[in-house]
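2 protein chains.
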Amino acid sequence: MLPVELTDATDAPVCCSPLVREPLSAAEADDLAHTMKALADPARLRLLSIVAASEGAEACVCDLIEPVGLSQPTVSHHLKVLTEAGFLSRSKRGTWAYFRLVPGALDRIAQLLAAS
Amino acid sequence: MLPVELTDATDAPVCCSPLVREPLSAAEADDLAHTMKALADPARLRLLSIVAASEGAEACVCDLIEPVGLSQPTVSHHLKVLTEAGFLSRSKRGTWAYFRLVPGALDRIAQLLAAS
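Heads up: the sequence lines are chains A and S, in that order. 1 is the number of the first residue of the first sequence in UniProt numbering; add one for each residue after it. 1 is the number of the first residue of the second sequence in UniProt numbering; add one for each residue after it.
Bound conformation, chain A alone (with noise of 0.2 Å):
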């Protein structure tokens, strides 16, 4: 689950984000440092644009490892990673995982992040 909630649009204007707005507690910051440490690695930032920018948002790990040139366990690893924090969702068809883009998933730290 991604960390801080949102503010509800019916809600009272509110000047920015939640980041900017106000001081976050101890524990938003412990869950936002937890999802921005999925994307604070180069490795995993390129399988996700990769992913996201592939025919339907989905791609076979079978095709992520040689653009990313790192073994198939490491790739996994990332994707792993990358799919616990939220951004990806796996399923399996046949023999390989397939890899897509959580709709929403990169808005919303995008929109924490947001000062306007």
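The reader is advised that the hints may include incorrect statements.
[As the list claims (entries may be wrong)] Derived pair list, reagent style PhoX-like, types lysine-lysine, alpha-carbon separation capped at 20 Å:
(1) K37(A) <-> K37(S)
(2) K37(A) <-> K92(A)
(3) K37(S) <-> K80(A)
[What the hints assert, rightly or not] These stretches of chain S come out as covered by chain A in the derived footprint (C-beta under 8 Å, 3 or more residues):
(4) 21-35
(5) 70-80
(6) 100-109
[Unchecked claim] Anything over 12 Å on all C-beta distances counts as not near chain A; from chain S, calculated:
(7) C62
(8) E84
(9) G94
(10) W96
(11) A97
Just so you know, these hints were derived from the structure itself, not from any lab. A virtual CB, placed ideally from N, CA and C, is assigned to each residue, including glycine.
Here the structure of chain A is known, so what remains is to put chain S in place on it, guided by the hints.
What follows is chain S alone, placed relative to chain A:
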């Protein structure tokens, strides 16, 4: 096999953010991961949100130590990481250093992540 890109190589309007539109290059991923690492820490997220929520989006280091419950050297280290990553600017007035949110820095990251 390289993934299929969603965008045409024409001057048609761009559909979405760089991260989602096409695979990041290794250099782009390195840069973005470095910036994300500055945010992927609970103490730094709290410090950033305290500064951002302060009057004028500026705070004295002397007012940042107690809220996060860390030593002054540790707080100074985290503030330095955030400053080097471009999220805060630092100025010295009298005895104390003051940190200010750099306008647009968080928005820039938000725009890189946003899928639409």
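Here is what the structure says about each hint:
1. K37(A) <-> K37(S): holds, 7 Å
2. K37(A) <-> K92(A): violated, 26 Å
3. K37(S) <-> K80(A): holds, 19 Å
4. 21-35: Held - the stretch 21-35 of chain S has 9 residues with a Cβ nearer than 8 Å to chain A, which meets the minimum of three.
5. 70-80: n = 0 at 8 Å, threshold three: violated.
6. 100-109: With 6 residues in contact (Cβ-Cβ under 8 Å with chain A), the coverage given for the stretch 100-109 of chain S holds.
7. C62: holds, 16 Å
8. E84: holds, 15 Å
9. G94: holds, 25 Å
10. W96: Holds, since 19 Å exceeds 12 Å.
11. A97: A97(S) is indeed farther than 12 Å from all Cβ atoms of chain A, at 19 Å.
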